[in-house]
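Participant: Each chain, letter by letter, is given below.
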Amino acid sequence: MSTYTAHFRVWRGDADGGGLRDYRVEVHDGEVVLDIIHRLQATQAGDLAVRWNCKAGKCGSCSAEVNGRPRLMCMTRMSVFGRDETITVTPMRTFPVVRDLVTDVSFNYDKAREVPSFVPPEGVAPGEYRMLQEDVERSQEFRKCIECFLCQDTCHVVRDHEENKKAFAGPRFLMRVAELDMHPLDAAEEQGLDRKRSAQDEHGLGYCNITKCCTEVCPEHIKITDNALIPLKERAVDRKYDPLVWLGDKIRRRT
Amino acid sequence: MATDTQPPAPPTPPAPPARHGVLSAGRAAIAARHLRTDRWWLQPLLTALGLSAFVVYSTWRAFANAYYYAEPYVSPFYSPCLGSNCVDMPLGARWPLFGEWWGLSPALLVLIFPLGFRLTCYYYRKAYYRGFWASPPACAVAEPHEKYTGETRFPLILQNIHRYFFYFAIPVALILTYDVVLAFRDEQGAWGHMGLGTLVLLVNIALIWAYTASCHSCRHIVGGRLRHFSKHPVRYRMWTWVGKLNSRHMLLAWLSLVSVALADLYVYLVASGAFDDPRFF
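Those sequence lines, one after another, are chains A and B.
One point on numbering: in numbering that gives the first Met the number 0, the residue at position 77 of the first sequence is 76, and numbering is uninterrupted.
One point on numbering: in numbering that gives the first Met the number 0, the residue at position 255 of the second sequence is 254, and numbering is uninterrupted.
Please keep in mind that the hints were generated in silico from the structure rather than gathered at the bench.
We put the CB at the ideal spot given by N, CA and C, even for glycine.
Please note that a few of the clues may not be correct.
Claimed, not checked - Sample of chain A residues at the chain B side, in silico, Cβ under 7 angstroms: (1) W10; (2) G45; (3) A48; (4) R68; (5) S78; (6) K211; (7) C212; (8) P230; (9) E233; (10) V236.
Said to hold, decoys possible - On the chain A side, residues computed to face chain B include the following (Cβ under 10 angstroms): (11) G18; (12) N52; (13) C53; (14) R92; (15) E113; (16) V114; (17) S116; (18) P119; (19) G122; (20) R158; (21) L204; (22) G205; (23) E219; (24) A235.
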């Protein structure tokens, strides 16, 4: 077992201002960044604010930016850094800061509320839903999401353009739209809700330029861009930009 | 356990409210536009260099209008030949649909389709948005633009026609496949022969088909648009196969880009007399 002293720079402050502060702190074998933040809290910075919960990469609470990259602190091993390397930890830079490493992520809950929920099929009571595995497996991938909001944090559409927050739901919630649109029992269309069209018109799918940062940072390794956003873009094209599909749908409905 | 602490740095003043992006009011006051310490710039740089090299080479070759046919090989840049000013290509895909009035290189008439297919491709979009437009240059690295509307308006809304270029890419790939069949001849046109050029064209068309079939629009068309895979087992199986290829779309995009340039270069070298095509049998 080996121990060394690491150089940490941690952002301290609140909405009124703040800055990076330097700390020298012990690191032991097998530790993750969150362990070091906890050690700082216990020994040198008792008032350091940090949000955390499971320490197992499943609750999505300890999202932050480590050396400028959006990551879960509990899933970032100290062994990936050199012992001489300075490790910089900041809060997520897309959301308003509350204090130290804690940000106000309510933007995401607002966006979640804007996505109409699952529409139950008529004539099928809860408990009677039957689906085949091949019909649900696409949606199941998206259900792995732990809502850490790292994808929302890294997405340049809102990270670099605060003004786009109103129009753009972000990768997490466009993935939610895709999940529902692919759901074999969702009856939204029968009720007059066109999720494909609303993805483009109401949730800002057109802002996504598929540069895949959401996929790169996802701690659950969900292929957000390839399996959710691009398929959703193709579905929006079916509705809005492809006259052949439009014509085919018209003819099929008449027969 | 814990150790020495350096004196805390004085707090920096709050970020000016009018600034945008990561410097916006309310966000953590950090003056640096990004704090990444890795070589985040390397990938967009290599992408930009790779794509630029291809653009320069293909522009030169497309306008050259020379050395694109060396019996039995035709350059993929010049097939099918739709102008009336093409060289004689026995059995080759030569259809002078554009008549005499077209005086420029015939490659320009056909390259528009593979160019459009690649320009609107979901992988290449990522590549050039990052490499050339820095939107964003890398993840969590602030982009330099003050405003961003993505693909919501003209001209980038035209990216939505990718599937039409996919439809056009299929006949182009079929014609290039036919060209490979023709390459199993010798210089006199006798069948049942093969040279190094045949192998070059064969590898090229295999990569072009793999890239075309791995396209995201293809994946959507063969089965992705369905809601109930269980009702369409054949399309579900095809969607699964395309999905496997699709996971390597970036790799296939680059390999097929390099192979098509190399195939053209090979034909150029043989046609210009700089290189003698080794014959296998």
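Participant: Hint compliance check: list the failing hint numbers for this structure, sorted ascending.
Facilitator: Going through the list in order, the structure violates hints 2, 3, 5, 12, 13, 15, 16, 17, 18, 19 and 23 and respects the others.
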